[in-house]
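*Asks:* From first to last, the protein sequence lines stand for chains A and B.
Position 38 of the first sequence, counted from 1, bears residue number 42 in this note's numbering, the numbering being contiguous throughout.
Position 149 of the second sequence, counted from 1, bears residue number 210 in this note's numbering, the numbering being contiguous throughout.
If you are wondering where the hints come from, they were derived from the structure by calculation, not from laboratory data.
On a predicted model such as this, the values are computed, not experimentally measured, just so you know.
Cβ atoms here follow ideal geometry from the backbone N, Cα and C, with glycine treated the same way.
Mixed in with the good hints, there may be bad ones.
As the list claims (entries may be wrong) - Computed Cβ-Cβ distance ranges for the label pairs, DEER-style:
# : chain 1 : residue 1 : chain 2 : residue 2 : range
1 : B       : 247       : A       : 216       : 38 to 44 Å
2 : A       : 258       : B       : 290       : 46 to 52 Å
3 : B       : 271       : A       : 263       : 42 to 48 Å
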Amino acid sequence: MASRGSFRTFGHLGLRARIAATFALGAVVVSLVLITTLLVLVRRNLLNERERQLTDRAEVNVGLVADKVGREGVDAQTVFGSLATIGRPSVLIRDKGSATYVPISLDTRYGAASVPDALVEQVLEERDTALMRYRSNGETLVVVGVPLPEEDGAYFEVNQLRDIERSIDGLRIPVALAATLATVSGAVFGWTASRRVLKPLGEMANVATDISEGRFDARLPYSEWADDPDLAPLVSSFNNMVGALQDRIDRDARFASDVSHELRSPLTTFNASIEVLRNARDEMPERAQLALDLLSSDMARFTQLVEDLLEISRFDAGAVRLEIDPVPLVETIRMVVRALSATPIPVEADSTLEQAIVYCDKRRVVRIIANYVDNARKYADGATRILVERAPADPGDDDSAEPTPDSARIIVEDEGPGVPELEQDRIFDRFNRGTLGGSRGSDLGVGLGLALAAEHARLQGGRVWVEPRTDGVTGARFILELPLIDPPPGQEPDAEDHPTPLDEVVTATGQHDVIQVDRPAHEARADSSDSGDADSAGADTAEGGARAGSGGSGDRAGSP
Amino acid sequence: MSPVGTRILSVEDDERIRTAVKLALEDEGWQVDEATNGEDAINAFGRAPTDVVLIDIMLPGIDGFEVCRQIRRQSDVPIIMVTARADTHDVVAGLEAGADDYLTKPFAPKELSARIRALLRRARSTEPGVSRLRFGELEIVPDEGLVTSNGEQAHLTKTEFRLLVELASSPGRVFSREALLERVWGHGYFGDGRLVDVHVRRLRTKVEVDPAHPRHVVTVRGLGYKLQP
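For reference, chain B alone in the conformation it holds in the complex (with noise of 0.2 Å):
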């Protein structure tokens, strides 16, 4: 169902939520540590290895963007934010400060589980013996989770690289927000292109020699985007 000790982060200020939300992952199978404000889940991050961590953007002290900016400095850890308010505005600062996902309080816990195992999923190989995966300058080894652009490793989040794999897969073909969206984040009919939007340029900023001007990953007016070779 799940991998076996897969440890969730959850960064909540709220004890309610946070020991209902423990308890409702712990039901899928899955380790969960706490922490109630930024310094601390900073300091737990630290301390043991984590699978993906949950953040409350309403923190006391250091806020949960902040959070996520300190932690993304550190590691490539997948990261979901918890908005209480679906403000466009805190959903696409949270996306720049580097988080994967969002959700949206109240949500379904079923929801959260279904975001924490897309984050988890590995990349997928696109062809079986296919192990590299050149675009000109672009280097792609999908099973060893390295990209290298003109020799000079790129450092993708897990996201990142899946949505450039997914890309990848087809390269020269259009893929919409909504199939991104499904095969990448494991979205329902609900997904926000944004998700998408941001994660795109972040992966141009680490992947293009130009990223005013990008190559490879490329927009695809009012249809989506594509890797072009």
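Chain A extracted, bound-state conformation (with noise of 0.2 Å):
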């Protein structure tokens, strides 16, 4: 599960972000649509006042020029000076006989080509006032054409709007920053509106993965919500659910239990009571004896089965927890060689292992062997030989895969006819015997041991598998691996005692060992299970001075 954990926020455009990207376009297209609509209507009711004005004057105008146009000894400075303008104008007059133009204005810039022939057209023929507007070189020209009655020609009035333009201009940059600003505050505020929606989300996945871990107890906190017509019922059902889940978890755990009781008490009488008749078997007859032996043989039986379905079912109800301790997994792996099998099996453990201390569920690993050894026992005359590797980190073949630990191999080797390869996967299916199941006498496992073994090594991040033997020998070679993991969090104890270079240290398996000091840091770290203890370093200042560099965590100088 890449994400567990942590709800994403962020990931290829998560659904906040999703979010705030869609506040933010809505932001801008709403207020590019609006800003668009308010200068082109403020533009054209500028222009449309302008070009009234316009007309307005120009028929003034006119009427004041009228008479004086084409008479002598009037100056057409004299006749501009008398109009009355807006801006600066340039007004030509054009005679109809002669089709030129009498310019009367100082600026020059607007010659008789500044005005159109369709508008000298339209006040020519019309003989009523017209009015266009044109661009030209990047300014707008408006340009007011009224007939002039007697002459028969016309009087043409010139305007640059520049002003109206430069005030439209000026708007621009204000415009493009409301619009900027409104994006940003889309985004922003979708991006805050998002959280609220989201945070429940964000809560539910917390939840939701407290919840796989194990933790049943975990709900979303209902008050915070409870306001919420929209959000209320969401976190309530979701808190229902749980809440249905946990119930009928601990139901199952509870029968679990209970079934685990009920079958525990009459198991126990059975065989204390069979016991006592095999301590009278001598005397008893030669066909009571044998009833006996099959009593007893199937009761071991019976019972190793009542265990596995226990066992299993803890599994199924989720009623499972880890006892992560430190392991001395050599040792370990001897004493239970040693006390399974009449004939001594060797044991050749890698040299980086032969000391290490191993975090693990002992029960679990030491079931797993158990079993292996048992099995080779039942189909394969007996293991012959045991090996403890260390298999090299599996780089991971992605980025988002997490490096895998170190592991430890267990390889219980065994001269048997080995497992057809179409078995390899299923024997470890539950109740699966294998096609080599039926074939052998009647001492046979009810096959749960290996589906429990492949549950056990599972849970602590560990696998089993059987593979054949690749020295040419016919023969099984099933394997254990379990990840030499760092003391898992909260078991790191006080600071304890390092191991000294030259701490002896007595083992079960009768050996007095001298720890040898280069022994990779995680193995070397504390013991775990003890950290109830308030312990402190401090207590053993006689050999501080030669405390081995195991590079532990945790590492408390402690006080005396």
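Put the two chains together into one complex; each comes in its own frame, and the hints tell you how they fit.
*Replies:* This is the structure in structure tokens:
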């Protein structure tokens, strides 16, 4: 699970980013439409107003000018000076007969060329005031034409609208700023608004993670959302679902526990009674002895079956607790083998693992090894060798995969018929004895052992599999791979005494070994299950100077 | 084989189990007294000298933990808890209540008698001739079962005493929990390290001046325990 543990607010555009982007997009579109409409309307209004003014003015000016035009002795400047103008229009008077223009304004930039022919035609033909607006050389000109009644000519004013253009232009920067601001605030608004929407989702994800990790009392805080008519039902139905789930799991676990008790009591009586009978076996007739042997061997099988069933029902009920402790791996394996097998089985360990303390659930590891050794005895005349090897870390295929730690492999080898390739996965299924199952005598397991081994291994991050022997001999290699993990969080003990290079260790296999200093740091870590003790390292001052640099974390120099 | 006249008090409410276990233990040559509930058990314990007590945790009325605590208050007799649940909680609670060992039902009677025998063993004398071991303020007299700290006698249970003597047999040497399980409790490969941890904790409260900062019974990280001279 890649996103386990934390709700993803950012990913390849997470939901929240998408909401914010949508808000921003909405804001920019709305602001652009509003602003554009506004600008167009303002411009049009300004222009219309101006055109109306210009037209009125032109008509007034014509009245003033008409009688002076063409008269001798009246110079253009005088005429122009008498006109009321807005801005500085260029005035032209067109004489119809000669079709020439008489400029009477001072700004000569707008000569006859500035008056469109279409306008001239319209004014002269229709003898009516007309107006035309057009753009030329980047500026907008408004030309007003008024026919001169007596002269049969026309009067034109060429006006620039630079002031209006400037006002409109001047609006562009504030408008652009406003649009940007709208976009940004849209995004911000979307981001914040979505937080409230998504918060319950994020918390839900966290709670779901908690639940999947076995903390069934995890709930969403309903009171926080109680006032929200949209979210309250979601939160409460989520909590109800978790509650129902918890009830159900509790019920299952209770059932498993009750069944466990109910089955264990009679089995205890059976086992004790059979023991009493076996103590008196010699006094029994031969037939009764035979019956007793059958009874006691099947009782052992039945007891094992019940234990396995109870174990597996605990797995199914999710009522499983790992007990991760520091375990001297090789020593433990040697003890298991010695206890289980009448004939000694050599245990060959990698030198770096010989003394290794491995953090694992000892009971489960022992069950797996015991099961392997037991299987070898049943199907392959006993295990021939047990190897403990170090498997290199798997670097992981892609970046997302967490690097796996080094692992230890415990390999139980036999010289039996081996396991057919087709069966190699299936024998780890429940109640599957493999094709070998039926063909061997009566002393068979029921087929839960390997399934349990797989569960036990998986639970602590390890795995199990079987492969054929690679050295040419027929036979099988049953393998348990355990990650060489650091002590689980919270189990890092208070600072205690470090192993010293010269510490002699008394192990249960009777050896008095001397610790090797070069053990990898994570193997030299502390005694975890003792974490309830408030020990402190200081007690051992005598050897303080000779402490091994085992690099263990949590190394608090203690007080005396 | 076993000490003559060894008396075991078996506290179990299930009559069939009680009877079968009694028969099996009698086959080992031990004398078995029975109690069906907590009150009976405490009364029976007061009446006759008892060498080992076997207590089922699930008892009607006063439960096994309480019986264990009450017996422990008046005696250092070895106590074995019997539980139907391998629940870790039960196990630790039983040990905290003062039990020396525990068994999970259904147990093999051979396993039970092996445990009883281990608990009945006397603490081993370290070396013949050495009758007194002294580590600072801590003094151990193995043959007399006596431990004093600063001259005051510490009241250890038999198992705590054996654990201490075992550690004291090689001062400064680290004992793995597995080794201690085998030597003190007679457990096989399946021993439960918590047994050692709980006993070490109890031992410290009795022999250490400051149990939170033990000077003598010291944890060696990842390896086990040792007795620091």
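*Asks:* Starting from the range 38 to 44 Å, see whether the pair residue 247(B) and residue 216(A) falls in it by beta-carbon distance.
*Replies:* holds (42 Å)
*Asks:* Do the Cβ positions of residue 271(B) and residue 263(A) conform to the proposed distance bound of 42 to 48 Å?
*Replies:* Cβ of residue 271(B) to Cβ of residue 263(A): about 47 Å, so the range 42 to 48 Å holds.
*Asks:* I want to verify a distance hint. Is the separation of the beta carbons of residue 258(A) and residue 290(B) within 46 to 52 Å?
*Replies:* holds (51 Å)
Of the hints listed earlier, there is not a single one the structure fails to meet.
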